[in-house]
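Residue numbers (numbering that gives the first Met the number 0), protein chains in the order written: chain A, 0 to 781; chain B, 0 to 137.
Treat the hints loosely; a few may be bogus.
Here are some chain B residues pointing at chain A (derived, C-beta under 10 Å) [to be verified]: (1) Ala-11; (2) Val-23; (3) Asn-29; (4) Gly-32; (5) Gly-33; (6) Phe-35; (7) Pro-89; (8) Gly-117; (9) Leu-133.
Everything labelled a hint here was simulated from the structure, so no lab data went into it.
Quick reminder that beta carbons are idealized off the backbone N, C-alpha and C, glycines included.
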Amino acid sequence: MLVAVLSGFILAIFAPTIKRFLGYRAGWVLALLPASIFIYFLSLYDQVMTQRAVFELYEWVPTLGINLSFYLDGISLMFALLISGIGTFIMISSGGYLKGHVNQGRFFAFMLMFMASMLGVVLASNLIAIFFFWEMTSVTSFLLIGFDHLRKAARRAAFQALVVTGLGGLGMLGGFIILGVSVGNFELVEIMQFGTEIKDLDLYFVILVLVLLGAFTKSAQFPFHFWLPNAMEAPTPVSAFLHSATMVKAGVYLLMRMYPILGDTIEWSVILGTFGAFTLLSGTFIAIRQTDLKRMLAYTTMASLGLLVMLIGVGGEGAIEGAVLYLFAHSLFKGGLFTVAGTIDHEAGTRDITKLGGLRSKMPITFFAALIAALSMGGIIPLVGFIAKESMYHALLHGNNYTLILLAVAIIGNAFMFAIGFAVALKPMLGKLGDMPKAAHEAPIMLWIGALVLGICGLAAGFGITYLGSTLIHSAVSSINNENASTELHLWAGINMPLILSLFTMGLGAIIYMNYHRVRIFADDVLNWIGWGPDKGFDQFFAGLLAIAQWVTRNMQNGDLKTYMRYIFIMLALVIWVPMFIYGAFPSIDLTKLVTPTFYEAGILLMAVLGLYAVLVAKSRLTSIVSLGILGFSVALLFMLFGAPDLSFTQFMVETLSVVILALVMTRLKLDKSDRKYGLYAIISAIIATAVGTGMTLLLLRVMQTELDMSLSNYFTKYSAAIAHGHNIVNVILVDFRALDTLGEISVVMTTGIVVLALIRLKPKVDNNKDQNEDNLKGSVK
Amino acid sequence: MNTVILRTIAPALTALMILFSLFVLLRGHNEPGGGFIGGLIAASAMALFGIASGVQAVRRALYFHPVSLTGFGVLMAAASGIPSYVNKVPFLSGIWWKIPLGNGEYFDLSTPMIFDIGVWFVVVGAITAITLTLEEVE
Chain A
0 MLVAVLSGFI
10 LAIFAPTIKR
20 FLGYRAGWVL
30 ALLPASIFIY
40 FLSLYDQVMT
50 QRAVFELYEW
60 VPTLGINLSF
70 YLDGISLMFA
80 LLISGIGTFI
90 MISSGGYLKG
100 HVNQGRFFAF
110 MLMFMASMLG
120 VVLASNLIAI
130 FFFWEMTSVT
140 SFLLIGFDHL
150 RKAARRAAFQ
160 ALVVTGLGGL
170 GMLGGFIILG
180 VSVGNFELVE
190 IMQFGTEIKD
200 LDLYFVILVL
210 VLLGAFTKSA
220 QFPFHFWLPN
230 AMEAPTPVSA
240 FLHSATMVKA
250 GVYLLMRMYP
260 ILGDTIEWSV
270 ILGTFGAFTL
280 LSGTFIAIRQ
290 TDLKRMLAYT
300 TMASLGLLVM
310 LIGVGGEGAI
320 EGAVLYLFAH
330 SLFKGGLFTV
340 AGTIDHEAGT
350 RDITKLGGLR
360 SKMPITFFAA
370 LIAALSMGGI
380 IPLVGFIAKE
390 SMYHALLHGN
400 NYTLILLAVA
410 IIGNAFMFAI
420 GFAVALKPML
430 GKLGDMPKAA
440 HEAPIMLWIG
450 ALVLGICGLA
460 AGFGITYLGS
470 TLIHSAVSSI
480 NNENASTELH
490 LWAGINMPLI
500 LSLFTMGLGA
510 IIYMNYHRVR
520 IFADDVLNWI
530 GWGPDKGFDQ
540 FFAGLLAIAQ
550 WVTRNMQNGD
560 LKTYMRYIFI
570 MLALVIWVPM
580 FIYGAFPSID
590 LTKLVTPTFY
600 EAGILLMAVL
610 GLYAVLVAKS
620 RLTSIVSLGI
630 LGFSVALLFM
640 LFGAPDLSFT
650 QFMVETLSVV
660 ILALVMTRLK
670 LDKSDRKYGL
680 YAIISAIIAT
690 AVGTGMTLLL
700 LRVMQTELDM
710 SLSNYFTKYS
720 AAIAHGHNIV
730 NVILVDFRAL
740 DTLGEISVVM
750 TTGIVVLALI
760 RLKPKVDNNK
770 DQNEDNLKGS
780 VK
Chain B
0 MNTVILRTIA
10 PALTALMILF
20 SLFVLLRGHN
30 EPGGGFIGGL
40 IAASAMALFG
50 IASGVQAVRR
60 ALYFHPVSLT
70 GFGVLMAAAS
80 GIPSYVNKVP
90 FLSGIWWKIP
100 LGNGEYFDLS
110 TPMIFDIGVW
120 FVVVGAITAI
130 TLTLEEVE
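Please build the complete structure, drawing on both the sequences and the hints.
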């Protein structure tokens, strides 16, 4: 399975090259990878059915319990088959759809990376590995949505999707870590064995909310749904793949995976049920207002995801079975419909449903593919969508009053989706020829093959439902419920209550379809009346965030070095004084313990004080700097006297160099030569300086009075010569005992050097330094 | 600072300082010194040479760009940890080899020494890069 996941990433590296040699036909070749992954998973089909799961483990960071482990059970097998199967046709249609695009090779690469990440999400068994692949899908979908990066709308949509799903991903990571640490295990398989123990945890609710944040953002649940319709800026193959069967289903997958761990509690049912139902209703309601084919589909996808979340919230074998079936059906028909929308767009030059019409005879194959997908979306026998709807009605009927309300919601939602599905499939096809930018004719095979095959799959799944029900669906339901399910499905279950409700749904849907125009205007009016939505809120939030950031920057980073120093030293004074006051940790000063310094010690101290005095009274900045050097050298001498030759040595060199560098900087800054110190500025500076100085002194005195832990010093003294063969303990610590620290420090030195270099060379207003810079460049090249 | 005295004496002084810096670097393991201090000495030698004879002279003498020296230093220090993998000890553990010099004496080569030389390069490169660029504008 590791190969199946990683091969996508590896092939992605070569995809642009393959495209260069084969042109758009590379789509056929690159489709071989998902196709072979599909066949690989198909070959594991029987094994999964008999053993319930296949497990593979590769160690990653074993000390933290993080592994690259893969777990293939019914539900992940179903996802893997959908991802690789639909992926195959998406690769083909990407070839045709973006034929002649300059960056098509890049597009193939992104698509393959996305597919590999998505496979990783559904196969990974370690919580951290799931998070890793989860974030990879966010990043690759960012690249795909923003593929037309020259358009502002595409960039905004990509950014929005990344921010929203990234936020959710971080929440999910938090939830995973709390969960993993609470039970002491990050392996999904083992966490599943815990049972109700996790639901009794004090932090259960926190874990639940954080994990749901991840699932809801990814699966576009209200109020995080807005990124999904905006993501329609992406080329259509992206929508057909990411926004039907894969990316958005990752959240649903997560909920299904978490169901045995976190599910079946009151919190779970209420949150999922409410959010799911609301998302379903609002999704269909906004969808009917749209006139763009893709946006219509996007909002119905949002609605379908709401339906799935709602069903998982209800829980129990029946509802889960309905959810699994609907997920399967939805992936097939929505992928197909998106491909159809892309084909129509490609051929007719528009996606506006009010302009399209009469394409039936021009594009017969596309028409057939659209029709078959719409039949499944509308839940009409004998397509698999029909069985999914029957199954969910059956489950919701046999619940309590709460599920009956959800049943009503599901019926309304399904009726709307019925109408919208047929509107997408029929409106561009029937009627008289519309007013379209291009003279449409049947698309090349690369474009329609995917929609056609997916549609036929939906039909075949309907007829073969008895077989699927006893194998894949059964296995998936069993693994979600973590117990052996009693799934038994038939295409025709006789005349019963669900069938009557189903007919009622279709009737309602037909009425909506007949009055499509009126309903659309009504929805439009209502939504215009509401006016505000999370999409606007997103922009407002970021505008506000930027305003705050600008305000902070203006006040904190005003470009004046004096201001920076003032902030830094005020903070330093606070850091020293506040804890001293809070803990009353002042040093006890015992004047009797003072020792009379020898004459040379006194001499050095006098020199330091004189240096300091010179700094304060010096008229020019240069004198101040040199005087500061005097102070520094005096300190170095003190180090020498009190037995720290290394420190003293370094202090000497550092002092010398800082005087040199400061003097050089002075000449460059073209500052006022004199160093005026008077007025309010001098008083404030004096107060801050005194506060920092006395604070530091008291702190050091206090440190001297505490009991020092000498074990480290003793260790180094004892072993420096013995095991590191060096008598200079300071040096041995630097280059041997703590060499890794030093490695970090010298990396910092290097970075600082480069940054300082860049800062010096950075001249905002170039006057006559241009030649100079070019000389420097030549120098560096040489 | 174009005084004749400084210009005359600077090359000799620089050479002496660099020699001293190498001496400090190599004796560092047992007596005060080491890569950091040595590097500072060499860097001040470069700064002095630059002030006396001009930046171009220093750049010619250095041959490599100072930043390259820094990068080389970090690389060298990091590379001194590679033998740890061969010996299967934690990264950057000190490893010592005795290399016979032929006359019955041995030269103690060790990874901490290579590491310290790397530190020397980093310090020399980074500070020289800064001082030279600052000197250049005058």
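Query - Minimum beta-carbon distance criterion (10 Å), Gly-117(B) to chain A - result: Hint holds; Gly-117(B) Cβ to chain A Cβ min 7 Å, cut 10 Å.
Query raised in the report: Do the numbers back the hint for Asn-29(B), that is, is its least Cβ distance to chain A under 10 Å?
Result: holds, 4 Å
Query - Status of the Leu-133(B) interface restraint (C-beta, 10 Å, chain A) - result: holds, 4 Å
Report task. Would you settle whether the hint for Ala-11(B) is holds or violated, based on the nearest Cβ-Cβ distance to chain A being less than 10 Å? Result -> For Ala-11(B), the interface hint is violated, since the closest Cβ of chain A sits about 19 Å away, which is over 10 Å.
Query - Per-residue hint verdict: Pro-89(B), partner chain A, C-beta under 10 Å - result: holds, 9 Å
Query - Hint check, Val-23(B) versus chain A [nearest Cβ-Cβ separation less than 10 Å] - result: holds, 8 Å
**Report entry** Gly-32(B) as chain A interface residue, shortest Cβ-Cβ below 10 Å
**Finding:** holds, 7 Å
Report task. Answer holds if the nearest beta-carbon of chain A is closer than 10 Å to that of Gly-33(B); otherwise answer violated. Result -> holds, 4 Å
Requested in this report: Using 10 Å as the Cβ threshold, decide whether Phe-35(B) counts as touching chain A.
Outcome: Check passed: Cβ of Phe-35(B) comes within 7 Å of chain A, closer than 10 Å.
Violated hints amount to a single one, hint 1; each of the other numbered hints is respected by the structure.
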